[in-house]
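**Q** Now for the letters of each chain:
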Amino acid sequence: MLNIIKKLNKTKKRCLIILAIFLLIAIFSDLIMPYSHEDISHPPLLKPSTRHFLGTDEIGHDIFSLLIYGFRITIFTAIVSGFLSTFIGISLAYISSYYGKTVKTLISEIANLFIIIPEIVMIMFFSSFAKPKLIYTVMAIVFFSWPKVYKIALFKIMDYMEKNKVKYTLLIKGNWYDVLKKLLPNLLPIMSTFFILQCNKAVMYEASLSFFGIGDPLKKTWGKLIRAALNYDNLYYDSTFLWYLIPPVVCLIVFVITLTLLVSENDNS
Amino acid sequence: MIIIEDFNIFYSNVNISYPNIHVKENEFVGIYGESGCGKTSLLEALFGVNFQGSLQYGKCMINKIDLKNLDNSKYDFVSYCPQFSQNAFNPKLTVSDHIYLTIRGNNLNYDIKEIDDLMCRLGLDSMLLDYYPYMLSGGQKQRLILLLSVIKKPKILVLDEPSSAVDLITLRKISEFLVSFKGKLTIIMVAHQKVLLEKVTDRLIKIEGYKSVRS
Amino acid sequence: MKTLVKYLIYMFIIVILSFVLPRLIPGSPLFAMSEDINAVGIMTNEAFKAFQEYYAPELPFLEQFWKYFKSIINLDFGYSFYYKMPVNKLIKERIGWTFLLSFLSILISSIIGIFFGIRSGLKDRESKFMIGVLLSVQAIPTFLIAAIFQIVIAYKLRLLPPTGAYSPGMYIGQHGYFKDVLRHILLPLLVLTISGVPSIYIFAKNSTANVKKEQFVKMARYLNIKNRDIYYKYIFKNIIPELLGRLNIQFVLAITGSIFVEVVFSYPGLGQLLRNAISYRDYPLLQGILLVSCIYGLIVNLIFELVILNNIKRY
Numbered sequence: 001m002l003n004i005i006k007k008l009n010k011t012k013k014r015c016l017i018i019l020a021i022f023l024l025i026a027i028f029s030d031l032i033m034p035y036s037h038e039d040i041s042h043p044p045l046l047k048p049s050t051r052h053f054l055g056t057d058e059i060g061h062d063i064f065s066l067l068i069y070g071f072r073i074t075i076f077t078a079i080v081s082g083f084l085s086t087f088i089g090i091s092l093a094y095i096s097s098y099y100g101k102t103v104k105t106l107i108s109e110i111a112n113l114f115i116i117i118p119e120i121v122m123i124m125f126f127s128s129f130a131k132p133k134l135i136y137t138v139m140a141i142v143f144f145s146w147p148k149v150y151k152i153a154l155f156k157i158m159d160y161m162e163k164n165k166v167k168y169t170l171l172i173k174g175n176w177y178d179v180l181k182k183l184l185p186n187l188l189p190i191m192s193t194f195f196i197l198q199c200n201k202a203v204m205y206e207a208s209l210s211f212f213g214i215g216d217p218l219k220k221t222w223g224k225l226i227r228a229a230l231n232y233d234n235l236y237y238d239s240t241f242l243w244y245l246i247p248p249v250v251c252l253i254v255f256v257i258t259l260t261l262l263v264s265e266n267d268n269s
Numbered sequence: 001m002i003i004i005e006d007f008n009i010f011y012s013n014v015n016i017s018y019p020n021i022h023v024k025e026n027e028f029v030g031i032y033g034e035s036g037c038g039k040t041s042l043l044e045a046l047f048g049v050n051f052q053g054s055l056q057y058g059k060c061m062i063n064k065i066d067l068k069n070l071d072n073s074k075y076d077f078v079s080y081c082p083q084f085s086q087n088a089f090n091p092k093l094t095v096s097d098h099i100y101l102t103i104r105g106n107n108l109n110y111d112i113k114e115i116d117d118l119m120c121r122l123g124l125d126s127m128l129l130d131y132y133p134y135m136l137s138g139g140q141k142q143r144l145i146l147l148l149s150v151i152k153k154p155k156i157l158v159l160d161e162p163s164s165a166v167d168l169i170t171l172r173k174i175s176e177f178l179v180s181f182k183g184k185l186t187i188i189m190v191a192h193q194k195v196l197l198e199k200v201t202d203r204l205i206k207i208e209g210y211k212s213v214r215s
Numbered sequence: 001m002k003t004l005v006k007y008l009i010y011m012f013i014i015v016i017l018s019f020v021l022p023r024l025i026p027g028s029p030l031f032a033m034s035e036d037i038n039a040v041g042i043m044t045n046e047a048f049k050a051f052q053e054y055y056a057p058e059l060p061f062l063e064q065f066w067k068y069f070k071s072i073i074n075l076d077f078g079y080s081f082y083y084k085m086p087v088n089k090l091i092k093e094r095i096g097w098t099f100l101l102s103f104l105s106i107l108i109s110s111i112i113g114i115f116f117g118i119r120s121g122l123k124d125r126e127s128k129f130m131i132g133v134l135l136s137v138q139a140i141p142t143f144l145i146a147a148i149f150q151i152v153i154a155y156k157l158r159l160l161p162p163t164g165a166y167s168p169g170m171y172i173g174q175h176g177y178f179k180d181v182l183r184h185i186l187l188p189l190l191v192l193t194i195s196g197v198p199s200i201y202i203f204a205k206n207s208t209a210n211v212k213k214e215q216f217v218k219m220a221r222y223l224n225i226k227n228r229d230i231y232y233k234y235i236f237k238n239i240i241p242e243l244l245g246r247l248n249i250q251f252v253l254a255i256t257g258s259i260f261v262e263v264v265f266s267y268p269g270l271g272q273l274l275r276n277a278i279s280y281r282d283y284p285l286l287q288g289i290l291l292v293s294c295i296y297g298l299i300v301n302l303i304f305e306l307v308i309l310n311n312i313k314r315y
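Residue numbers (our numbering), protein chains in the order written: chain H, 1 to 269; chain Z, 1 to 215; chain R, 1 to 315.
Just chain H, same shape as in the assembly (with noise of 0.2 Å):
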């Protein structure tokens, strides 16, 4: 693994480092917390200051608390979900192109019909009839988005079955073990990309769906905060923008353009 972080270029080391970054934050997070994300004992809207650094919210949260908690929580939604949904979208894939035409006919039509129809509107739908927990927000989101990776995957199994090596495997009456066993070499590579890019996706669903008032209100991701902020009556008329609505979208922004950033492809000249 070593060998693949080397041969990276000079902005994805950059991104790599940033994330390293979020992701210890996230770790860590209880360390970082000066207060509970719970403790609303605090005088609400308070303006930064050395005991508050950015403040409280009308509730009496400390907003810097929060923000902590956010990475723990979004980032841990996004690494399950994107983790989920490559997991089941390679995994269909997987099984398709082994059993080959029923079965593959079958799951292919049900994705197409999950890539044509909005997903977002499909998600907030459901998300909105389960009970607000987090774990129906992760399972809703997974369900509409393993259809993307689920095509991509096919068609590059599909493609490296038809080289002889697995072809070969397959004639001599391997199980799907074996022909798992062949196939897991050059399935790594897409499948890193395609988890990054899931959970890049997973975050900006959980944002949207924050965005409208559907989730976990317990478990606040940025999304959330984000939220709370946009429906504070004052934020455009003084400067309490600044602290309470910048800080997690800064941190969602550079969250989601690193992640897009590491996997991006850029064909030198």
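Hints were generated in silico from the structure; no laboratory data involved. Where a beta carbon is used, it is the ideal one built from N, C-alpha and C, also for glycine. There may be inaccurate statements among the hints.
[As the list claims (entries may be wrong)] Listed below are the simulated DSBU-like cross-link pairs for lysine-lysine, each with C-alpha atoms no more than 30 Å apart in a straight line:
| no. | chain 1 | residue 1 | chain 2 | residue 2 |
| --- | --- | --- | --- | --- |
| 1 | R | K6 | Z | K64 |
| 2 | Z | K173 | Z | K68 |
| 3 | H | K148 | R | K212 |
| 4 | H | K104 | R | K2 |
| 5 | Z | K182 | R | K218 |
| 6 | R | K213 | H | K151 |
| 7 | Z | K153 | R | K218 |
| 8 | H | K151 | R | K226 |
| 9 | H | K148 | R | K218 |
| 10 | Z | K68 | R | K218 |
| 11 | Z | K153 | R | K213 |
| 12 | R | K212 | Z | K68 |
| 13 | R | K212 | H | K156 |
[Claimed, not checked] Label pairs and their computed distance ranges (CB to CB):
| no. | chain 1 | residue 1 | chain 2 | residue 2 | range |
| --- | --- | --- | --- | --- | --- |
| 14 | H | P185 | R | G164 | 53 to 59 Å |
| 15 | R | Y231 | Z | V179 | 54 to 60 Å |
| 16 | H | I59 | R | G169 | 34 to 40 Å |
Using the hints provided, position chains Z and R relative to the given structure of chain H.
**A** Relative to the frame of chain H, chains Z and R by itself:
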């Protein structure tokens, strides 16, 4: 018309030095040699676009202009037919579209009689004019590329292996066609079959053993 | 035609899904039927009555479905709890604004993206910085861009109106109406266009660069074909199939993007409707919007599939 002296091409791992070549105006010269000896590289360097290697020469003049002073305007008087003309056609345009665009690009007149005459001499039916490239055979494509190259009235016609992908009958038609232009324009033809070249050209140049691999 | 049948089947599957899934999701009022007082308690008595009538959870499953299916065929999406109006009437009123906004943004972002993308693809050099910037812009969720622009341009700089599609009191035919609508649509349109241009630009650029490498483009040079002809007949004509595919996606993305932008700018389109439907758990409205968006997605896809098929047929 074309003069090269002390001409060398360098790629990252290979050097190729060429013999001195003087091609007189309206001469029909054939260049032959084994596969991979550097014939195509020479043509690409002189007449191609986006040449990838680096050049070093004592003298190199095409139509009395030094090579480094030539840009894409050289195609005003040069027609270059690279190898593998199979992919030389725009899949979205008909044959007559190609002809029309070529004529327009060179500011010439669209003369239907001239086109018919050329088609006839190349053994091509006029209904091919409405065909799309996917409907054409390899031999037809090769001949049509020749037609397009000639209809723009070049001073220099350069052909890289026009014979490689065609059958004997088409080959004959192409040879006869080229011979009919002898003396009217400068023609350079590259092939690796000496026999074909001997029949049509005024003289032959051999490229051999000039390639060396750098360590 | 085969394709039409396929799409009809898709539509049918969606109707089934929209019927079955809400009843399967734990926490949905339909899941626990009328026994789960907690779930039902969100609604008022009136709403509950309307709910009972539309969904009829006491009827056996198949009969429920048949009732539902019949309503859908007649484009009857039920009665909105919150707005106290038939859902299809609500949607009909708002959908015009959404289409206006999204189609205008597709038009503008496509023209800009394709024009500059092709120009960039024809060059031999590549500005990595530019691409990085575009990718970053593309990555930012649309509603964030909308919120930022709203704060900076509308509230802080007061250059354009921050909300609405027209000033209160204006109506069609009144003098100055179009100008007013234009002023109000400018900011949402700007945001949507900024969101949409990067992907089209990058796509056009890459397609152009790929076609440029093809042998027949080189040959066009050798034949001394005019540059203009090369741009239009060689390069542009050959990237059209890919572009169409991309546009297909853009059409659907534009609607979803438009929904977010509408919420931020309080633009009276489907976005607001959706937001309120979610806040007030207005299930019939939610379902109506969902079905309408799915129908839209299917129709757009159908059109593009037929157009692309026609385009590819000849070659």
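**Q** None of the hints should be skipped; say for each whether it holds.
**A** Against the structure, the hints:
Taking the CA atoms of K6(R) and K64(Z), the gap is near 66 Å; set against the 30 Å cutoff, the hint is violated. In summary, the hint linking K173(Z) to K68(Z) is not supported, as the alpha carbons are separated by about 36 Å, beyond the 30 Å threshold. Of the pairs offered as hints, the one joining K148(H) and K212(R) holds, with about 29 Å between alpha carbons and a cut-off of 30 Å not exceeded. Using a Cα cut-off of 30 Å, the hinted pair K104(H) and K2(R) holds, with the two alpha carbons roughly 19 Å apart.
For a cut-off of 30 Å, the pair hint linking K182(Z) to K218(R) stands: about 27 Å separates their Cα positions. Restraint check for K213(R) and K151(H): satisfied, since their Cα atoms lie roughly 28 Å apart, inside the 30 Å limit. About 19 Å separates the Cα atoms of K153(Z) and K218(R), which keeps this hinted pair within 30 Å; it holds. For the given pair, K151(H) sits about 41 Å from K226(R) by alpha-carbon distance, which is inconsistent with the 30 Å threshold.
About 36 Å separates the Cα atoms of K148(H) and K218(R), which puts this hinted pair outside 30 Å; it is violated. Distance restraint check for K68(Z) and K218(R): the Cα-Cα separation of roughly 20 Å lies within the 30 Å cut-off, and the hinted pair is therefore satisfied. A C-alpha spacing of about 26 Å is found between K153(Z) and K213(R), which places the hinted pair at or below 30 Å, so the restraint holds. Straight-line distance between C-alpha atoms of K212(R) and K68(Z) comes to about 24 Å, which keeps the hinted pair within the 30 Å bound.
Simply put, K212(R) and K156(H) have alpha-carbon atoms about 26 Å apart, close enough for the 30 Å limit, and the pair holds. A beta carbon spacing of about 57 Å between P185(H) and G164(R) agrees with the range 53 to 59 Å that was offered as a hint. At roughly 38 Å, the beta-carbon separation of Y231(R) and V179(Z) lies outside the given 54 to 60 Å, and the hint is violated. Range check, I59(H) to G169(R): Cβ separation about 37 Å, and the 34 to 40 Å hint holds.
Violated hints, in rising order: 1, 2, 8, 9 and 15; the structure is consistent with all others.
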